[in-house]
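S.K.: Spelled out from the first residue to the last, the chains are:
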Amino acid sequence: MATAAAPAVPAALGSGRLTTRRRLHPAVGFLLIVAVLVVLWEAAKWLAGDPWRYDSFLGTGIAIDHRPPFRIVPFNDINLPHVWDIVAALFGTDARGQTLLQVLIGAGLFTLRNAALGFAIGALVGLGLAIVIVHIRLLERALVPLLVVSQTIPIIAIAPLIVIGLRADWLGVAVVTSYLTFFPVTIAGIRGMRAYDPRAYELLTSYAAGRRTILWKLRLPASTAYLFTAFKVGATGSIVGAIVGELPSGITQGLARQILTAMQYYTLAPGKLWAAVVVASIFGIGVFLLVTLVERQVLRGARPVESGAEA
Amino acid sequence: MTAAPVVELAGVSKRFGGSAGAVDALSGIDLRIGRGEFVSLIGPSGCGKSTLLRIVGDLIAPTSGSVTVNGKTAAQARLDRDYGMVFQVPVLFDWRTVQKNVELPLEIIGMPKPERAAKASSMLALVELSAFAGHRPWQLSGGMQQRVAIARALALDPAILLMDEPFGALDEMTRERMNLELLRIWERTGTTVIFVTHSIPEAVFLSTRVVVMSARPGRITHVVDVDLPRERNVDTREMERYFELVTEVREALRAGEGPPADGDPASGRVRAEGLSG
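For the record, the sequence lines run as chains Z and B.
Position 95 (the first sequence) corresponds to 95 in our numbering; numbering is contiguous.
Position 10 (the second sequence) corresponds to 10 in our numbering; numbering is contiguous.
Simulated from the structure, these hints should not be mistaken for laboratory data.
As the structure is a computational prediction, the values presented were derived from the model and not from experiment.
Among these hints, one or two may not hold up.
Unchecked claim - Residues from chain B that face chain Z, not an exhaustive set, calculated with beta carbons under 7 angstroms: (1) G57; (2) R78; (3) F87; (4) V91; (5) D94; (6) P105; (7) I108; (8) W138.
All C-beta atoms, glycine included, are put in the ideal place defined by N, C-alpha and C.
Work out the full structure: start from the sequences and follow the hints.
M.R.: Quick look at the structure:
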């Protein structure tokens, strides 16, 4: 009987084949979209930005003198600097001979460290809350509205409170970050830990399994997909959270100081602020991808999902 | 049947809901099941046969009456891990391999790793799925998944196997094959089986006794002793006695339904559900 049914299995295993053969690598798709955005950006400037005047355009020796047919203020060189001006800002050197890119990456790594710590605290606290709430129904009604309220308070308002109240250093920043991270983990955890088949619960009950066994053998494994979705939201948010946390604490080594400085000199060198934004978002994308990578490891062997649901 | 009963139900009833919208799911159930018996519970949807199974397994408490299992309360029997459960769907854990799924109950009782690996392997051999130990459940066909669920249910050598329409979701061909498979396993393990089903031929083919139930309130209307030879195979389904028993169970079911055209729209709906299930 077993051998007769065996050929069915490789067919089931091959269900992922069709999707991988023809589809573009996700990174290629992402770069394509970035390229399209850059083209749109410059097209807007070509149509309605400030005049283009180049004796030698990007070192090619081609002279350009273009007057856009329309004028739309948001497209001028201060609001939307040319992409190459942003790139040039990245590679411009400061008084110490460091390029802005090097400075921003250094600052980004500093911020990343606080963000990672905050994310870890937030994920643990969030999961802990979810576990408690799942087991005590009364708490769900009492606690969840409170948690929702906590997220309606602008983080920028409570950041000084936490950072200065606690200590104006990495710990304060990490706590502000965790404030942004824990909420999605709690909400997804509550949902995920109840997303099992009720018969699975009956099955474990029939084995006289206790609450802790059910938590480890059923609730947590059943909620991994939910939790990783929340971890992705939380990890991306943790970079923003760490930057916001750095603002009132007067920390100078992080991205917050770089953004503040660039804001102050914005009208003189708008490319620098955009450069800082680009680097900050690259860090955000980086942590997102890192969580995705961990998820793939943890969920390997799990039932394949629809290709659209993977991210 | 002459041996001391493994399961003894006396005056069991179950009422769901509060005083206003209360529903009598079961009423006055008396049943004794001997060691090594194979008892099927059959009846229309809503007759409480799944509820009865869960009361025996201490997953639901009865409103009144007593349940004795191996001379103990049902709760004690559950704590002693006397039960093996199989549901209509396999309820296998996607995040575990087939082998690890069968090991699950052994992990819960704290069996050391090498022992439980050996035990799970022998259970998989029993259901002839040794070659698939390293596969994930979703890579297996529905019938194979259900055999894994049976292997898992048998892993603790339960005194009683509780099966809630285990083959209801399978196609007819697979279902007949699974019936033979289950009989072979039952022969080999000697375990007592309580088997909920919608299918009259399945109930007659598998059982030593068929318990016929009717709905509102759920109660036992007939008990049909299946006096077919214990050794059953594909030829059993062509025996004259088999057809007589199928007819007997069908008539018992019809008698339990009451007058056919009673003008109650709800009863028609329930019957339609029974057919689709």
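S.K.: Taking the hints in turn, state whether each one holds.
M.R.: The hints, checked one at a time:
Taking 7 angstroms as the C-beta contact cut-off toward chain Z, the hint placing G57(B) at the interface holds, the least distance being around 6 angstroms. Nearest Cβ of chain Z to the Cβ of R78(B): about 5 angstroms, under the 7 angstroms cut. The hint holds. Nearest Cβ of chain Z to the Cβ of F87(B): about 5 angstroms, under the 7 angstroms cut. The hint holds. About 5 angstroms separates the beta-carbon of V91(B) from the nearest beta-carbon of chain Z, less than 7 angstroms, and the hint is met.
Using the Cβ-Cβ criterion of 7 angstroms, the hint placing D94(B) at the interface with chain Z is satisfied: the shortest such distance is roughly 5 angstroms. Among the interface hints, the one on P105(B) holds; its C-beta lies about 5 angstroms from the nearest C-beta in chain Z, closer than the 7 angstroms criterion. For I108(B), the shortest C-beta to C-beta distance to chain Z is roughly 5 angstroms, which falls under 7 angstroms, so the interface hint holds. Evaluation of the W138(B) hint against chain Z yields a held restraint, the C-beta minimum of about 4 angstroms falling below 7 angstroms.
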